[in-house]
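J.: Sequence:
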Amino acid sequence: MKISELLGKTHRDNPAEVELISHKLMLRSAMIYQVGAGIYGYLPLAWKSLRKIEEIIRQEMNSAGSQELRLSILQPKELWDTTGRTDAFGDDLFTLIDRKGRKLVVAPTHEEELTAIVKAHVSSYRDLPKILYQIHTKFRDEPRPRGGLMRVREFDMKDAYSLDISNEELDLSYQKMVKAYKAIYKRCGLNVIQVEADSGAIGGKDSHEFVLLADSGEDTIVICEACGYYANVEKAVFDPVDYSEDNQSDLSEVSTPKVTSIAGLTDFLSIPTHKTIKTLCYMSGAELILVVIRGDLEVNEVKLKSVLGVSEIRLAAAKDIEKHGLSKGYISPVGINGFRIIADESLMLGSNFVAGGNKQEVHLINVNYPRDFKADVVSDLAQATEGQACVNCTGEKLAIKRGIEVGHVFKLGDSFSKSIGATFADESGQLKPIVMGCYGIGLGRLLAAAIEQHNDDNGIKFPVAIAPYQVHLIAIDAEKPEISKIAEQVQSDLHEVGLEVLYDDRNESVGVKFKDADLMGMPIRIVVSLRNLKDNVLEVKARDSDQIDKVPYGSFVDKVKSLLDERGFYDPHG
1 MKISELLGKT HRDNPAEVEL ISHKLMLRSA MIYQVGAGIY GYLPLAWKSL RKIEEIIRQE
61 MNSAGSQELR LSILQPKELW DTTGRTDAFG DDLFTLIDRK GRKLVVAPTH EEELTAIVKA
121 HVSSYRDLPK ILYQIHTKFR DEPRPRGGLM RVREFDMKDA YSLDISNEEL DLSYQKMVKA
181 YKAIYKRCGL NVIQVEADSG AIGGKDSHEF VLLADSGEDT IVICEACGYY ANVEKAVFDP
241 VDYSEDNQSD LSEVSTPKVT SIAGLTDFLS IPTHKTIKTL CYMSGAELIL VVIRGDLEVN
301 EVKLKSVLGV SEIRLAAAKD IEKHGLSKGY ISPVGINGFR IIADESLMLG SNFVAGGNKQ
361 EVHLINVNYP RDFKADVVSD LAQATEGQAC VNCTGEKLAI KRGIEVGHVF KLGDSFSKSI
421 GATFADESGQ LKPIVMGCYG IGLGRLLAAA IEQHNDDNGI KFPVAIAPYQ VHLIAIDAEK
481 PEISKIAEQV QSDLHEVGLE VLYDDRNESV GVKFKDADLM GMPIRIVVSL RNLKDNVLEV
541 KARDSDQIDK VPYGSFVDKV KSLLDERGFY DPHG
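The sequence shown begins at 1 in our numbering and counts up by one.
No wet-lab data here; the hints were simulated from the structure.
Careful: at least some of the hints might be erroneous.
[Unchecked claim] Subject to a maximum C-alpha distance of 20 Å in a straight line, what follows is the list of computed SDA-like cross-link-like pairs (lysine to any residue): (1) Lys534 with Asp477; (2) Lys550 with Ile483; (3) Lys103 with Thr83; (4) Lys138 with Gly228; (5) Lys205 with Thr109; (6) Lys418 with Ser123; (7) Lys258 with Gly325; (8) Lys205 with Ala88; (9) Lys328 with Lys303; (10) Lys258 with Asp246; (11) Lys77 with Lys103; (12) Lys541 with Leu519; (13) Lys319 with Glu298; (14) Lys541 with Lys559; (15) Lys359 with Ser255; (16) Lys9 with Leu43; (17) Lys397 with Glu298; (18) Lys176 with Lys303; (19) Lys303 with Thr220; (20) Lys303 with Lys418; (21) Lys418 with Leu280; (22) Lys328 with Ile262; (23) Lys319 with Val377; (24) Lys559 with Ser545; (25) Lys176 with Ala64; (26) Lys138 with Ser123; (27) Lys303 with Ala375; (28) Lys418 with Lys9; (29) Lys179 with Gln59.
Source: prediction; values computed, not measured.
Build the full structure now, drawing on both the sequences and the hints.
T.: Okay, structure coming up:
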C-alpha cells in the first residue's frame, strides 16, 4: 500500500482534551475518527489491525474446539424480561419500539438469545459439552464514554458461551477458555495478568478479568507480589487487623456536642479510628438500609450490591435520612427498629466500640456485636486498600495498581438456563438445567490496550502480529526513477515472502517521513536512498530499537524476517 493512496492524514499535534496515549496516537496516526460521544469509525490502518486481532482470536477459539456462529443484534425485550436483566442493565440498555409497537433490545451481550437457541437444539447429555462463539457488534449506552476505544457505546466483541452438564464440567470448559485467552494475548504481544473479578450485570458465581497493568487504566487492581494474588478492587479481600479485647465493658452514653464525623469523634474522645463504628445509610429503591462497618475501613459498594442482590444503590441524601426520622451524624444500629442492617465482618474483629446514640450530640461507648445489636446479614463489605495484609500470606502487604481490562470470563452456572428453560436429559432421563459459562474480549479495546502498552514519545510500537503492515518502506527522493524502481522491487520481494508493506512514496521531506514512520509504528523500517544505493545496501531498523543496520541489498529479506521472528512474528502460512 502506497501512503500517497492511503485514506487518512497524520497529525503532528495531540488533539485537545484527549487523555489516554492510545487515543491520542490513534487519532494522530489516522487510525480512527470520532462520529459522536463514544462512537468511532475505523480508518484502513486500524481496520487491518482489528482484522488481524479477529483472526488470532478465531484461530485460538477454533483450536479450543469452539464453534463459530452469529446471533442477532435486535432481540425481543420480553426475552430480556425473562431473565430480569432489563432492570439489571438499566439505562445502559439501548431499546427501541418498531412500527408495530414491539419493544426490542439492541444487544449489549447475548446470553439470553444464545440460551434460547440452545433450548431449541440441545435435548440430551449426548449433545454436550459445547462452546459457541461469535465476533459481532455490541451496543451499550455508556453514561460516560471516554478514553477513545476504551469505553464506547458501539464496539466489536468476541463473546463465547460454554454449555455443560455439571459444575465440574464447567470448570474444564472455563480452564480451556482461560488457556485460549492467554494464547490470544501472548500472540497479540500483550503482557496481562489474570485477576479475580466481580460478575456485575452478567451474573454468575466466579469470574476473572484479564488485565494489562497501566497507569492510565480505569480499573484498580489489588496485588500481592509475594504470592501472586491478583484481584479487581471490587472483588478483592484482605486480612483485617483483629482489635478484639478480652473484656466487654458496659454500654453507656457519652455527650458529644457538635461531633458528627468519625474524625471529629476520634479527636474528641482521643481514641483510634478502629475503635469506632460508622453507620452509613444507603437507598435501594425506596428502602433505606443501614450499613455498619468498623471506622477504619470503607464500604465497597460493589460488594454491598452483591450482598443485597441489586444493581443500583446510592448513599441516602439528608432528606432521605430526615424522612425516616434518623439523626444525621449520630445514627447507630443499637436500639433501632424498622430497618435492614447489613454489617461488615470487621465488627467481629473488635470490641468496646464507639457508635452513634441515635439522638443529637450523644454517642454510645462500649458497643459490642452481637451483644448490643443484631444484623440481618454479616458479610465482607470492606474495600481493600494499599498496605493491608494479604489473606494468603503472613504479614505480606497488598499493593494497588491501575489496569486496563482486556477480557472477562464468567461461570454463569444455571441461572440463565433456568430462567429460559434450557434443559437436557441426563443418563437417567431426568431433565436438568444446562450449566453455562461466558467469555468476552473487546477487539477495539484490545487494540487500544496494545498501543497503550507499546509506545514511546514518538508514537506507536506495534507488536508484529497485529501491526497493520510488518514493514514501513521509505523512499527518499521517491520522485527519482532509480529510487522508485528499487523501492518497488523491495516491496515486491517482501510481498513474495508474505510480508505486508506500507510504502511511503510521497514527495515529502526525510524528517516528515521518519516522523510518520515512528508515529504509525510498523515493526520494521526500510530506507531506500541514493547514498545507500551507491554502497548497494538498504537501511533496516526495528521500531523498538535504536540500532540501524546497513544490509546488503541481496540479504535484506532475510534480515527483515529475522527481526520479525525475534519479535514473535507468527506466520500461519509459514
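J.: Mind checking the alpha carbons of Lys534 and Asp477 for me, to see if they're no more than 20 Å apart?
T.: holds, 14 Å
J.: Please work out if Lys359 and Ser255 have their alpha carbons no farther apart than 20 Å.
T.: Within the cut-off at roughly 10 Å; holds.
J.: Below or equal to 20 Å on CA atoms is what counts here, so check Lys205 against Thr109.
T.: holds, 18 Å
J.: Hey, Lys303 versus Lys418, does the alpha-carbon distance stay inside 20 Å?
T.: violated, 25 Å
J.: Quickly compare the C-alpha distance for Lys328 and Lys303 to 20 Å and report which way the hint goes.
T.: Between Lys328 and Lys303 the Cα gap is close to 24 Å, so the pair fails against 20 Å, i.e. violated.
J.: Would the hint linking Lys205 and Ala88 be met if the CA-CA limit is 20 Å?
T.: Answer holds: Lys205 to Ala88 is near 16 Å, not above 20 Å.
J.: For a C-alpha distance cap of 20 Å, please report whether Lys559 and Ser545 respect it.
T.: Distance ~14 Å between Lys559 and Ser545 Cα, so the pair holds.
J.: Run the distance test for Lys418 versus Lys9: straight-line Cα separation, threshold 20 Å.
T.: With a Cα-Cα distance of about 53 Å, the restraint between Lys418 and Lys9 is violated, given a limit of 20 Å.
J.: Are the Cα positions of Lys176 and Lys303 separated by 20 Å at most?
T.: violated, 28 Å
J.: Can the restraint linking Lys138 and Gly228 be considered satisfied, given a maximum Cα separation of 20 Å?
T.: violated, 33 Å
J.: Check whether the Cα positions of Lys550 and Ile483 lie no farther apart than 20 Å.
T.: Given pair Lys550, Ile483 holds - Cα atoms ~17 Å apart, limit 20 Å.
J.: Quick one, are Lys418 and Leu280 close enough, alpha carbons at most 20 Å?
T.: violated, 36 Å
Hints 4, 9, 10, 13, 18, 20, 21, 23, 26 and 28, counting from the list given before, are not met by this structure.
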